[in-house]
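J.: Below are the chains, spelled out letter by letter.
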Amino acid sequence: MLEIKDLYVSVEEKEIIKGFSLTVKPGEVHAIMGPNGTGKSTLAYVITGKPGYQVRGSIVFKGKNLLEMDVDERAREGIFLSFQYPVEIPGVSMVTFLRTALNEKRKRLGLPPLSPGEFMALVKEKKNIIEIPDDLLKRSVNEGFSGGEKKRNEIFQMALLEPELAVLDETDSGLDIDALRLVATGVSKMRDGKRSFIVITHYQRLLDYITPDYVHIMYDGRIVKSGDFQLALELEKHGYAWIKEQLIK
Amino acid sequence: MNGSEEIFNLIKHLVETNKDDLFLNEHQVQAYHTFLSLGLPTNKHEQWRSFPLEKMFDKEYTFKLQAPHVTGDPSSLFSCQVLHFETYLFSTLNGEYVYNHSPLVTFENGMIAGSLFEAIKLYPNLINPYIYQIASNLHSSFVALNSSLARSGFFLYIPKGIHVDKPIQLINLINTDIPSWINIRNVIVVDEGAEVEFVQCDDSVHDKNNLVNIVNEIYLHRDAQMKFVKLQNKDLETSLVTSTFVHQDKKASIDYVLVTLNSGVIRNDLVIELNGEGARAELDGLYLVDKTQVVDNHVYVHHNVPACYSRQNFRGILDDEALAIFRGHVKVARGAQQTDAYQSNKNILLTPTTRVFSEPFLEIYADDVKCSHGSSTGRLDEEAIFYLKQRGICERDARLLLMYAFAQNILEHIEPLTLKKSLDEMVDKRLKGELHPCALCVLHCESKPLEFKIKI
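Protein chains in written order, with our numbering: chain A, 24 to 272; chain B, 1112 to 1567.
Calculated from the structure, these hints are not laboratory results.
One or more of the hints may lead you astray.
Some, not all, of what chain A presents toward chain B, calculated at C-beta under 7 Å [unchecked claim]:
id, residue
1, THR71
2, LYS73
3, VAL94
4, ASP95
5, ALA98
6, ARG99
7, LEU104
8, VAL110
9, ILE112
10, GLY114
11, VAL115
12, THR123
13, ALA124
14, GLU127
15, LYS128
Result set (DSSO-like, lysine-lysine): computed pairs, CA atoms no more than 27 Å apart in a straight line [stated by the list, open to error]:
id, chain 1, residue 1, chain 2, residue 2
16, A, LYS161, B, LYS1531
17, B, LYS1543, A, LYS161
18, A, LYS147, A, LYS212
19, A, LYS128, B, LYS1540
20, B, LYS1442, B, LYS1481
21, B, LYS1543, A, LYS128
Stretch-level coverage of chain B by chain A, calculated; a stretch enters the list once three of its residues show a Cβ under 8 Å from a Cβ in chain A [unchecked claim]:
id, stretch
22, 1494-1504
23, 1512-1525
Glycine is no exception: its CB is placed at the ideal position from the N, C-alpha and C atoms.
Could you build all of it, start to finish, from the sequences and the hints given here?
T.: What follows is the structure, encoded as structure tokens:
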């Protein structure tokens, strides 16, 4: 489904990702862990096509060269990013935003746009995956949302847009234990054996709820160690210093 | 000799040769002398520093010294099929007051509306305390010239305690091939505790080289409330100068929303005098300009007494080579304690070739006040565009959503709701590049050519 090969990424001459390769098959959940500043968020942005990066290497998604596509095309192909810091957009209501996004997707699938009634019915249905308060939908996108509300809103959007590949960028950061459980349960409900996930996180605690098929440790712009869920547990026990030591050896 | 001098000399010549029967009263003579002493503005004047005066003055105009009335039904002048925006409709066409049967109408509730100069004749005692008293000729030579030469306009009087049941709409339409300099004077008096919604539309149809110079004099008595929506949708080649003066007594309140959808060259001056405690002024402005359009808003709020409230919130989106100027001035007089005043001007520049001059300014002579101001000018938020596009929304729609949201901050203040909805639609079309001057307005979908009989 997704194949990243020999990826090199720099921003303003500074190299951040230095030879990154990863293959994600349908239905797989890959966790990418690693210390701050190691290029995890950059990876998420490069997959989704954020401008401002110099990129070498290749990213192929469902057989298509992703690097030649604009952000919105990639999104309509089925790539979703749950933002670490969701952007506040004053004046654009959640309802307008979600309907526009959903109808873009439907247009691509050759479906007619949803009427306001159908849309609200769908919203209600998706609340089974993750509960969001009604008043959130009436407000401007992310404006004045608490940290927890923002993250829930991201997962809710994912539930609505039903992507084929979801990249979760530190969806657990800034969440208390209850909010974390809610968000993680939402994500788990979205696992259907076909949809793939790349879960970027510092900590193992999110992975307790979303058991990954693979765990990769990213350090200094590349994957330095891969394994299964056991690797996350080991990392939690020994800390990132352990990885550094191993690297020196 | 530049255009400004030429026009100045032309006016002088016209007045000198028609002097004997030109002036109707001493005020007009005085105003003419003030005009002579002020002269037409140049870029050396502080108030016109950044304004491209040559766009206005390097043109030829004819002056009409007598403005006859035009007979016709204002509502047939503007046909509207889209909107059900019901108003009491009044209009001027090429600076001439349009009416069907009677130039001045007295309604059952005592409201008087119609031709200003008819009102001067019929109700001198009612109108004299206001006309020429609220606007200051020294404010600018445009005001002085208007005081001196305007021979038509609109008068509105709302008696004590009357709440007018539907909005009053005044359309100033220009539809002529003759390049003209047109002066229009409007006087509005809202008596104690009365309430009115007023909509003023400045439109033009295929006009070339027209300059419309409008002065509004508004008096809001104690506890009076006015909602004032001003719409401007003008051709590229036209100039519009508006000067609105508002005097407010105790607890009088104004909600003013200015929407400029297209301009040639527009200069709007708004002068608010808060003269009674508890008076309140909520002043909003939105301008959407592109090509070589120019819009210049000067807002002066004078807190002359304690405990008044004012808000200025002006926003603009500029494209191509458009130019916008905002100058907001709040003056808090000595002793005007507990003043609450705020100014904000925000601009979005879509191209690097647009220009903005933004100058919020506070002048405070009291110590117990709450005053603040802010100004920001920048591009659309790239992070927000990325966020929207990541959800599958295409670039164009993402940008439109953001621009629309930016404009909503002003539009949400518009009442009544029917008017807000049609303005939403117009702004939406404007942002998509589908709205052209004279194509669609709140009242007329298209202007029909009409035969008019000139009353001599």
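J.: Take the hints in turn and mark each one as holding or not.
T.: Hints, verified against the model:
no.	hint	verdict
1	THR71	holds (6 Å)
2	LYS73	holds (5 Å)
3	VAL94	holds (4 Å)
4	ASP95	holds (4 Å)
5	ALA98	holds (4 Å)
6	ARG99	holds (5 Å)
7	LEU104	holds (5 Å)
8	VAL110	holds (4 Å)
9	ILE112	holds (5 Å)
10	GLY114	holds (3 Å)
11	VAL115	holds (5 Å)
12	THR123	holds (6 Å)
13	ALA124	holds (4 Å)
14	GLU127	holds (4 Å)
15	LYS128	holds (5 Å)
16	A:LYS161 - B:LYS1531	holds (19 Å)
17	B:LYS1543 - A:LYS161	holds (25 Å)
18	A:LYS147 - A:LYS212	holds (16 Å)
19	A:LYS128 - B:LYS1540	holds (24 Å)
20	B:LYS1442 - B:LYS1481	holds (12 Å)
21	B:LYS1543 - A:LYS128	holds (22 Å)
22	1494-1504	holds (count 10)
23	1512-1525	holds (count 7)
Hint compliance for this structure: no hint is broken.
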